[in-house]
Every structure is written in structure tokens, then in C-alpha cells.
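Given the coordinates of chain A, assemble chain B onto it according to the supplied hints.
Protein chains: 2
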Amino acid sequence: MGKVEYLKLIHVDEALALIREFRQVEDSLELPLPEALNKILARSIYAPEDLPHFSRATMDGYAVFARDTFGASSSLPSILEIMGHVEMGKAPQIRLEKGKCASISTGGMLPEGADAVLMLEHTHRIDEGLIEVLRPVAVGENVIGVGEDVKRGELLLEHGRRLSPGDLGLLSALGITRVHVKRGLSIGVISTGDEVVDPEELPPLGKIRDVNSITVSSIVRALGHSPHHLGRARDNFYDLKALVERALNETDILLISGGSSIGTRDLTIQVLKSFEGFRLLCHGIMISPGKPTIMGNIGGKPVMGLPGHVASAFVIMLIIVRPLINYISGMKWEEAVRYFSFPLKTSRNIESQPGREDYVRAKLKKGEKGYMIEPIFGKSGLISTIVEGDGLLKIPTYSEGVYEGEEVEFIPFGPILGGIR
Amino acid sequence: MGKVEYLKLIHVDEALALIREFRQVEDSLELPLPEALNKILARSIYAPEDLPHFSRATMDGYAVFARDTFGASSSLPSILEIMGHVEMGKAPQIRLEKGKCASISTGGMLPEGADAVLMLEHTHRIDEGLIEVLRPVAVGENVIGVGEDVKRGELLLEHGRRLSPGDLGLLSALGITRVHVKRGLSIGVISTGDEVVDPEELPPLGKIRDVNSITVSSIVRALGHSPHHLGRARDNFYDLKALVERALNETDILLISGGSSIGTRDLTIQVLKSFEGFRLLCHGIMISPGKPTIMGNIGGKPVMGLPGHVASAFVIMLIIVRPLINYISGMKWEEAVRYFSFPLKTSRNIESQPGREDYVRAKLKKGEKGYMIEPIFGKSGLISTIVEGDGLLKIPTYSEGVYEGEEVEFIPFGPILGGIR
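Protein chains in written order, with the numbering used here: chain A, 1 to 421; chain B, 1001 to 1421.
Honestly, the hints are just simulated from the structure, not real lab data.
Ideal Cβ placement from N, Cα and C applies to all residues, glycine included.
Heads up, some of the hints might be wrong.
[As the list claims (entries may be wrong)] Some chain A residues close to chain B (C-beta under 10 Å, calculated; not the full set):
| hint | residue |
| --- | --- |
| 1 | N38 |
| 2 | M83 |
| 3 | E87 |
| 4 | M88 |
| 5 | M109 |
| 6 | L170 |
| 7 | H225 |
| 8 | H229 |
| 9 | L230 |
| 10 | F314 |
| 11 | E351 |
| 12 | F413 |
Same shape as in the complex, but just chain A:
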């Protein structure tokens, strides 16, 4: 059993580094392409052949020897004889001779000998058998050569990649119609907190409805995996222990959607500790919102205790749990932790405490000079601050804040939650 730290705060980077001690899922399955969208490729794929496997015209016009067009211009056109026509979808029967050309459509196969395609627009038809060339073409112009798109044996797609529509197109082009992908993950979600009732219930004074279960589950679904809501544990040891036990049997990762009180957090730790092989990896992260986050390992399975405030849980889901799920699902480490962000100027001053990373919910605001970013200053218990937000604005650990007009890193929700790169 490793070292246990209780409420020793760690940096976001340290928390992320802890993820790598878990094993990635190994099971894979073979799927036809249409079902493989957004799945994680289990084995690298190499090109079984050249793409294309013959030289193709990319324009309508005439297949030519490029040399025959050199020096041609509208004032001094070259003249070429039309030998014949390339039929679409067929290997041309013609062998191009010097001083001659063959009419060809976009996508047509170049006849032997031809090394360029002259665009129709750059020719003038004299009669049935002759054209004037009004401009020269270079060798290879308006042609996709053999293997120009992909060379045989080339690495097409590396394992660990999430398959995009373009990726599936590439596989299809090479006749690869089934792929081995990692199975999706089953992610357990347990709600806790004596102050929480199910959304269907009318909460009496002192209680509120469960918000985090659906938010957390939906993020899991948006990431391409299956949430498995095991139910809500009352704030007592045996209730929670029974649900955790079930989750460990049935799911790959367990998310305990926390009550907000110290009592619930203590109980969560207590229950986790009662499992053999449990290691507390972290209890508290230097992040705002989201500090009271728990990360543990029970016999190799990741268990996260999420903070209770809705915005805190949301931020932890995106900044910590998303990389965890991505990595366990088979993605390469660099891909799993990567998110898309860019600098934008803030429309207001934002204070920050040095010593923690701040993720402020923020709105995009289109001004005269393009987008600015407007922080939403709401308490982390307010769900409306998430609904109104377009993304998160990141203030680094050692900053005391930023001034109006300064550039800050903006992380839009779209790409971080979209299934596609």
C-alpha cells in the first residue's frame, strides 16, 4: 500500500499525472466503419495499397505530354491532335503519342504516356480532331499521381486515435471496411448527500434535487461512453459501501457525485478506506472551483469523489475526469489530456488567488474587434452559470488575476465535449 495523504492539496498537473498509474482498457472489438465513428482505434493501420492506384485527372480537359504545351499562349497557341476520349471508370485503350492529346473528365484515368491534364478553359477547339493550347501545363499538373494521397505501407492511422468522419473516409478509400476499436467504458455514477432528493421528488425545505447525476452522466455520454447510474446513497456507511461494491463489480471507473458537506466527504473517504487494496491518491486539488476532489484506486480501479457544488463538479469533470476517461479508454496520453484553447482578451478584471488554478466560467462576446471573453461571476453552486457559459477561462497557478483587456487562455466547451477532434 502506497503513501496516503489526507487533505494535502496537490497541483492540477500532479493530479493528472496520477492518472497514468491506471491500466488502459485492453478489450477490443471489430466494427463496420459506420459504427466506428468516435471510437478509439485499437491497432495501428498501415496502407495495404497505393491511393490512388492509377493516375487520375483532377480537371476536365485533355491528357497531354506537358512538354507539348511548353511556350504555348493565346497569341501563339500550340496545336494538338485529339487521339480519342478516356471513358470514365475504364482503363484507357489509348497510348498517348507525342503532339497528341486525349479528352478526359475529372476522375478519369490518364492514358499511358500522358503526364499532365490541360484544363478545358485553357484550350480552344479548332475542329473535331484539333485543339489549340492557350497556356502551358507543368508535369503532374491537374493530376493525382499513383500513391500521391497515400503510399502503400505508410502508417494511416495510429492506435489510440479517436476515429473522425475523415478517418473513416480514408479507410473506406483503401478498402478497409471493418476496424478493431476499444470497447466503450462503463462509468458508474453514485449520488450522495442527505440533503439531495431525486429530480422527480418535490424537495421539502432543507433539501434540493439532484443536479450532478444527470450533468455528470451526460458528460460521460458526450465523451462516448456509457454512464451507469447506480443510485443515490443516503449518508450512511453501509448504504454507500453497498453501492461502491456494486460499482466496482460492474463498471470501469466510479464517480461519486458528492454531497457538499464535510460530513459526506468524510463518509466517502471512510467507505473507500474500508475496501482492501484502496489507496488514496489525492484529497484536495489546488483548483477553483473543485478543491475538495478525491482520487482513489481500489484494486486498480479509479474512483473519483467529485465536489458537491454543481459548477465545481462540472469543472472537475472537464479538467480531471475527462483526461482520466480518455486515457483509460485507450487514447494516447498526449491526446487524452489535450484540450483545445486559445488566447482571448477579457472584458473585465478578474481576481485570482495565487497558488491555485482558476477556471472561470465565461461567455464569448462579439465586439467590434472580434471576440472578447466575459467572465461569469457566479457562485459555484449556481447551475445557471454553466448554462450561460461558452467555456472556461483559465488563470494559471501563480497569477493574482488579470486586468481588463489582457489575454487569457479560453477553453471552449464545444471541442472539449464534442466527440470529434
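Chain B only, in chain A's frame:
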């Protein structure tokens, strides 16, 4: 029958404006929240009650009269008597008296009379019944007041909105566990082109495998709708006509994934014209790649003839068809056409022909000064240029290009294809 234009090129904005003549889907269905993720809300939702419906503590500490703490400091602390403890999830039985306080946990309900919560860290416990107050708190501090998140009657979510994880959390908080959403669309996809074979086949010289069917279908799926691949038509009138007829009966929008030759395009127009009530809305858009795009209306149903080159079809799917699908599916016009973009400096010169909008596939490149954008100069027939790209770089209609180091608009693939705002 309206005006028919043949190969009269129109601007991208004009092409987009044509979309609005189509009717949006009206059918809706009621779904439980977990199934409503990424669906389009059919009816606006107003808050049926205040959220929260009682004042809650957002910190662990003591519920107080803020006035009792005014002027308190560590050198001159005020002293308060502890009247009792607020139990989580229950309405407190205490009525707070002046000069007194009640211990409370995060999420606990404020007792009557209390108007702020003093953080535990800012107190010192003298004995069982007394605390020292080391800092003052303001009225409302560390408290979420009644209706502070959402006020009763307030517009929560407007119809036409795509439901995000946060949106579902908000609904859940208010006890709304089922929502009316628009039904998903069935999008017909027909492949054409005599030079194309199915991906399972070994193409002879002169033919290539179908790439666009899977790419186009996957984009449809990524947008949250159901692609319906009706098959591949050989380049003859009756083959294509039969498939279009079936598509008109079975689907909401028809995408004809074009062969690349003039012949196939002419055939497509010919077949479309043979349907009663057909109107050719556009034949050719001032866009690169993607110029030979057809948009038509058959008895109210949108029909698109996509360009044959893979990258051209991809760009048209994102820039023209995505807004079309979004709009028909019930999204507000502004949302349907909106995409996420931001300015980035290009790492190279890029030429452009004035008179058309250029969408150059591009890669993000992390340099010393943050991201730059590197154009991928590949022929539009190359699928590999899409696979390598992170997004599109837009060059406006009247520009002749941009120089290295100049800022250009970058449209990342992630948010444009991700299911979530």
C-alpha cells in the same frame, strides 16, 4: 415554378440564405432527460419555481446576523454564542437571535433571521458554546439566496436550443425530468459515379472506391441525425431517378454524393428536373473547394448535389449542409448557421482568387508564441488532407490571399462537428 439558374455562381451567403425557404421539422416527442442530450428543444421552458427554494450555505461555518460580525478582527474578535446546529437536509428548528449563531455545513438551510454564513476558517472556537469571530461578513455572503440561481417564471431554455449536459442539470434541478424535443432527421445519401465502386470491392484500373458515402454519413451522425444510405446509382437516368424517388419518400433531406465528372453532374440535374415541383435553387457556389454544388427543392424537400472531390464534399458538408441540417432540425437560424472561429496567424503565404471564399484545410502548430495555423496545400481530391487537418482557414471573397504572419479566421473541426455547444 421559380426562376431556374444554370451554372450561375452565387455567393456563400446567398446559398445559405436559400436554406430559409424550407420548412423546419415540426414533429416532436417527449423524452426523459438522459435521452434528450444534444436534441433540439421543441418548446421553451420557464422556471416553475425558485431555485433554490430556500437560502443555502455555500461554506461550512456558522449562520449569523452579518451585523453581529461588523468590525470583528483577529486582534479584536466579536464573540457569538452557539445556539445550535443546522442538520443537513432539514429545515432548522432554530430562530436565530441577535448575538448568537448556529453551526451549519455547506448546503445547509439558513435558519430564520440569519443573513450570512461565517466561514469556519474565520472563527475560533472558545468552548462548546462560544466562538470568536475573526473577520466580518457581509449580508448574503457565503449564501445562495432564494431564487438566486433561477427565479420562478424566468425563461430557462428557449425552444430551438440544442440541449447540453448543463441544460439537463438545470432542468433536473427544477424537477423537469421529461422534455419535448424535435425528432431527429433522416438524411438520405445516394452515391453516384460510374468510376466509383463500393468500398468492399477491389477497383479495377480506372475506378476508385467510394469515400464520400461514409464521410458524409458520419458527418450527419456527428450532427446528431440518422444517415440513410440508399445505395449507389450507376450513371444512368433511371437508376438515379429510382433512388431519388425512394429518398423523397423516406427521408427529410437528400444528399447526392456526386461523381466528379461533368457527365454525372449533368445527369443529376436532368434527373432532378424530371420531378414535378422541382426548383433549381443554385448550381455553383463561389467557394473553393466545392464550386460545383447543386441545391434544389422538390416539393418542399431540400436536395443537395455534392461535389465529387472528397475535400470539396467535406467543406460543403460543413459550410452549407451543416446549417441546412441544423435549421431543418428545428434550431434557430442564428444558431444553425453559427460556427465557432477565431483569428490566428498563418505560418505561410496563401494565395487566393478574389471573387470566391476559400476554405483551406489547415493544421494547428504550437510555436513559442502560442498557436499558429499552417495551411495544408493539397489537391481537393486528397482525403489525407482532411485527416491531417485540425480545421479550415477562411479567406474572404474579396481577398487575394494572406501573407505569412497575417491573421486569418480559423474554424476548428472540433466544435463544428461536436454534438455540444
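**Report entry** Violating hint indices (sorted, rising)
**Finding:** Those not satisfied are hints 2, 7, 9, 11.
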